[in-house]
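Peer 1: Here is what each chain is made of, one letter per residue.
Number of protein chains: 2
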Amino acid sequence: MSNNKTVDIFLNPKSVAVIGASKNPMKGGHRIVYNLVNNNYKGRIYPINPNSEGELLGLNFNKSVLDIEEKIDLAIFYVPNHRIPQLLEECIQKKIRGAMIEASGFEEVGEKGLEIKEQILKITDNFSKIRIMGPNCMGLTRIDGDSDAGDNERGGFFTSFGVFSTYKRGNIAIISQSGMLNGGYLMYIMEKYPELGIRYSCSIGNKMDLNETDFLEYFIEDITVNVIAVYLESFKNPRKFINLCKKVRKIPNKTIILVKGGITSQGQKATLSHTGAMAENSQLINAIIAQSGVIQAKDFDELFQFARTFSMMYNENKVMPKYGNVSLVTGSGGAGTVVADITAQYGLKFPNFNDKEYDILVDLYPEWMPPNRFALIDFWPAMEKAMTKNNNRDEVINEVFELLLNDEKVEGMLNMLFCARRFGGLPDYKKFVKTINDGSKPVFFWLIGEVESVQEVSKYMAQNNIPTFPTIEEMIKNFKILVQDSKNKNY
Amino acid sequence: MSNNKTVDIFLNPKSVAVIGASKNPMKGGHRIVYNLVNNNYKGRIYPINPNSEGELLGLNFNKSVLDIEEKIDLAIFYVPNHRIPQLLEECIQKKIRGAMIEASGFEEVGEKGLEIKEQILKITDNFSKIRIMGPNCMGLTRIDGDSDAGDNERGGFFTSFGVFSTYKRGNIAIISQSGMLNGGYLMYIMEKYPELGIRYSCSIGNKMDLNETDFLEYFIEDITVNVIAVYLESFKNPRKFINLCKKVRKIPNKTIILVKGGITSQGQKATLSHTGAMAENSQLINAIIAQSGVIQAKDFDELFQFARTFSMMYNENKVMPKYGNVSLVTGSGGAGTVVADITAQYGLKFPNFNDKEYDILVDLYPEWMPPNRFALIDFWPAMEKAMTKNNNRDEVINEVFELLLNDEKVEGMLNMLFCARRFGGLPDYKKFVKTINDGSKPVFFWLIGEVESVQEVSKYMAQNNIPTFPTIEEMIKNFKILVQDSKNKNY
Chain Y
27 MSNNKTVDIF
37 LNPKSVAVIG
47 ASKNPMKGGH
57 RIVYNLVNNN
67 YKGRIYPINP
77 NSEGELLGLN
87 FNKSVLDIEE
97 KIDLAIFYVP
107 NHRIPQLLEE
117 CIQKKIRGAM
127 IEASGFEEVG
137 EKGLEIKEQI
147 LKITDNFSKI
157 RIMGPNCMGL
167 TRIDGDSDAG
177 DNERGGFFTS
187 FGVFSTYKRG
197 NIAIISQSGM
207 LNGGYLMYIM
217 EKYPELGIRY
227 SCSIGNKMDL
237 NETDFLEYFI
247 EDITVNVIAV
257 YLESFKNPRK
267 FINLCKKVRK
277 IPNKTIILVK
287 GGITSQGQKA
297 TLSHTGAMAE
307 NSQLINAIIA
317 QSGVIQAKDF
327 DELFQFARTF
337 SMMYNENKVM
347 PKYGNVSLVT
357 GSGGAGTVVA
367 DITAQYGLKF
377 PNFNDKEYDI
387 LVDLYPEWMP
397 PNRFALIDFW
407 PAMEKAMTKN
417 NNRDEVINEV
427 FELLLNDEKV
437 EGMLNMLFCA
447 RRFGGLPDYK
457 KFVKTINDGS
467 KPVFFWLIGE
477 VESVQEVSKY
487 MAQNNIPTFP
497 TIEEMIKNFK
507 ILVQDSKNKN
517 Y
Chain A
27 MSNNKTVDIF
37 LNPKSVAVIG
47 ASKNPMKGGH
57 RIVYNLVNNN
67 YKGRIYPINP
77 NSEGELLGLN
87 FNKSVLDIEE
97 KIDLAIFYVP
107 NHRIPQLLEE
117 CIQKKIRGAM
127 IEASGFEEVG
137 EKGLEIKEQI
147 LKITDNFSKI
157 RIMGPNCMGL
167 TRIDGDSDAG
177 DNERGGFFTS
187 FGVFSTYKRG
197 NIAIISQSGM
207 LNGGYLMYIM
217 EKYPELGIRY
227 SCSIGNKMDL
237 NETDFLEYFI
247 EDITVNVIAV
257 YLESFKNPRK
267 FINLCKKVRK
277 IPNKTIILVK
287 GGITSQGQKA
297 TLSHTGAMAE
307 NSQLINAIIA
317 QSGVIQAKDF
327 DELFQFARTF
337 SMMYNENKVM
347 PKYGNVSLVT
357 GSGGAGTVVA
367 DITAQYGLKF
377 PNFNDKEYDI
387 LVDLYPEWMP
397 PNRFALIDFW
407 PAMEKAMTKN
417 NNRDEVINEV
427 FELLLNDEKV
437 EGMLNMLFCA
447 RRFGGLPDYK
457 KFVKTINDGS
467 KPVFFWLIGE
477 VESVQEVSKY
487 MAQNNIPTFP
497 TIEEMIKNFK
507 ILVQDSKNKN
517 Y
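Protein chains in written order, with our numbering: chain Y, 27 to 517; chain A, 27 to 517.
Repeated chains share a single entry, so a pair holds when one copy, or any two copies, can fit it.
In silico DSS-like cross-links for lysine-lysine, where the CA-CA straight-line distance does not exceed 25 Å: (1) K148 / K121; (2) K218 / K456; (3) K506 / K324; (4) K503 / K218; (5) K415 / K49; (6) K272 / K348; (7) K143 / K411; (8) K485 / K218; (9) K503 / K324; (10) K411 / K138; (11) K411 / K49; (12) K53 / K415; (13) K411 / K53; (14) K415 / K138; (15) K513 / K273; (16) K31 / K120.
No lab work stands behind these hints: they were computed from the structure.
Sequences and hints are given; from them, build the entire structure.
Peer 2: Right under this line is the structure:
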């Protein structure tokens, strides 16, 4: 079977059995069924539990998969580890092609777990009889429609035992060796960034059979995916991983971002107790990451912030910066200085204006405080001049934005904007957003002001794929990764 | 006059004249008077404007300081730069001892500004006749009481032309070469972190006369100040700055945090156009920072996050970590791995447990998944065991906290906590807070979960001086600076 057909068993099954389904809402075996039903899974669902009678959320319990007449594509396991071998045998007998095992207690717990693994290898004839995802995983999520879409549109295929209530379909796919990224943390991040669109999230657990490269290969070919966010504690097949990543470097609108756990010996000690992954050589890990040319993130928060940035840029078909020539528009000289320092530290530059652009700026500024020749624009003096003449403050800023968007030396724009209802009211941010998205350059904002106003502007910008950042450094770092990714591309 | 008496003219004047006071609420000269009145300044206020008649906020206008009979300690200027020399002469004639000049257009605008500066030097006889703060500054703020305290308690001395509505008195003093830190950004940060207590904020502008070292010396001796947050674009007197910082290293409960703007040539180009400060040698700057032993922050957000952390630790008299031996309590193995990596990168270690502590942990864990021997505690298996026995989940976490707080090998604690009302309800965070503050160790949290629950828990923790962080890396970095500061101390 081709790789993508195998992955399809897990991502797009037409029927699933939930082995270990439970009437007790506190149990994972209940919540998996609840997630499937509640999120509009269009296939058939069979709750399996030898100790349960009657119905679960309108579905009849069965004692065993063998009691079911219809074809079953996928079995989801939520049972104690020692029961898995026998239940797997029943699945094989039933000709089920995939088993997703959401139970822990395998390699990561030592000898006893290894014994069960050996049994599974034997029963499945090295996974030739049935393919396995996990164990020690939290299932996967496929989002076909936003949580607030119509009854027929919303949902997709949700097999986590964590429950998501708010979500949005988008162009990000997640591959994670930590269950949290298809559980509590994903729930958090989708609520924190309500505009963040997710297409898939796959918790691959111990990778006994299916591993990161299987899903990576699938997402590379899936045109609904632009950003692949990966958390790994080990590389199952480094060579294949590198080759797949290199493939992505030839695709203009696709980017892989990676958090690698266990890059220090302290981290490796931690991962050993978590997934049982073997310690890897730090130098080897660094070589793999360097060769793969992925964008590396430090922690989960950075992973999703980076993913959000690329996601927004791809949504708007922005032209990615290649040289790191950026501008800053600010109302504070101090902020200008700090941004100038940090951009320099990240290898970004403010280009010098040509005479044409400079002359336009000179007209906006008072004589006593001319503009810079380089693309760092402190608009305070220009605003003072505009106010003296009763010109509109926002008109000045918008003119500056238009100038920069049309200046071919500038590849993208960083901005500091003060947002407050007091002191002359909020800036005309909707107009700015229109100006910016009429252009094709990446434009980022660092917002300060009244917290409520900052949230209002930030939300509107996010809805229009313009990212805002809580700190100056994050704004700059997120621009830097766009440049880095362009440099890595070789199409 | 001693340094502190000079600074007292500016921080604690008994009477002020506002030169350039205006009836127009859009003008800075209005807002300065509004700020003084509205924030309960206990001294006398004299609005000065030759073109205004009648009253301003219940105060009579005067044409000139010379029309006032009573003594005036301080004159605050909000007038165009070219009018300043003549008005200064009047102040000198009136025997006013200090002038705070909130106008720009001096060194930073080139020749014309330098001319005015020369005039000022001559008129003041090199500042022997009157001391000057600024120009190109946004005044200063002294907070005596929280904004929501009683009418007689709230406020202090507010001379910015930015308006703050919500503020809290605390142990942080700010010295800044960017006006934003006594203006829009300070307003933002005080709203963003409502528990952040500020004592003083001084925008020192171009430092024509008074400079950072004058205020630094004052705050070092002021026992209401524990944390001094500094933003500088130039060092006026590097030797004195270093010596003052060295003094702080002998004071157990005082820390200086510095953002230095213009540490790259790109940043220096920016600062030149901002405050007119001369370019400095990068190596020299780094040597000054290294010798001073201050905590360096990268941007304004980091400056205030660091300040908040130290502020909270000093508020609770926490014992600062010296060796970097830290623990992690988490519900996710993946988060454990990433925290382990980043702690290692920041030079922090998880110590090994002695048998006594380890045996207590072993009892909490199921047989199939024993705890780590080192201080990284994934409580998930322990919670599963507790739930099987119908024991309380929070009891387990609290027991772990107590164990770690009493373990003398552990100097402080990092934690990941999942906060959600669904799935068994919010953790008993109030109990945890009590347990933590009965101890003397710094304890930090990275919170995830439902956004609203995260905010609720975060707020309560902040009110109790327990910092929470939006990312894993920030949590670790903020712990690292405590260790760094301890190592710098030599008392």
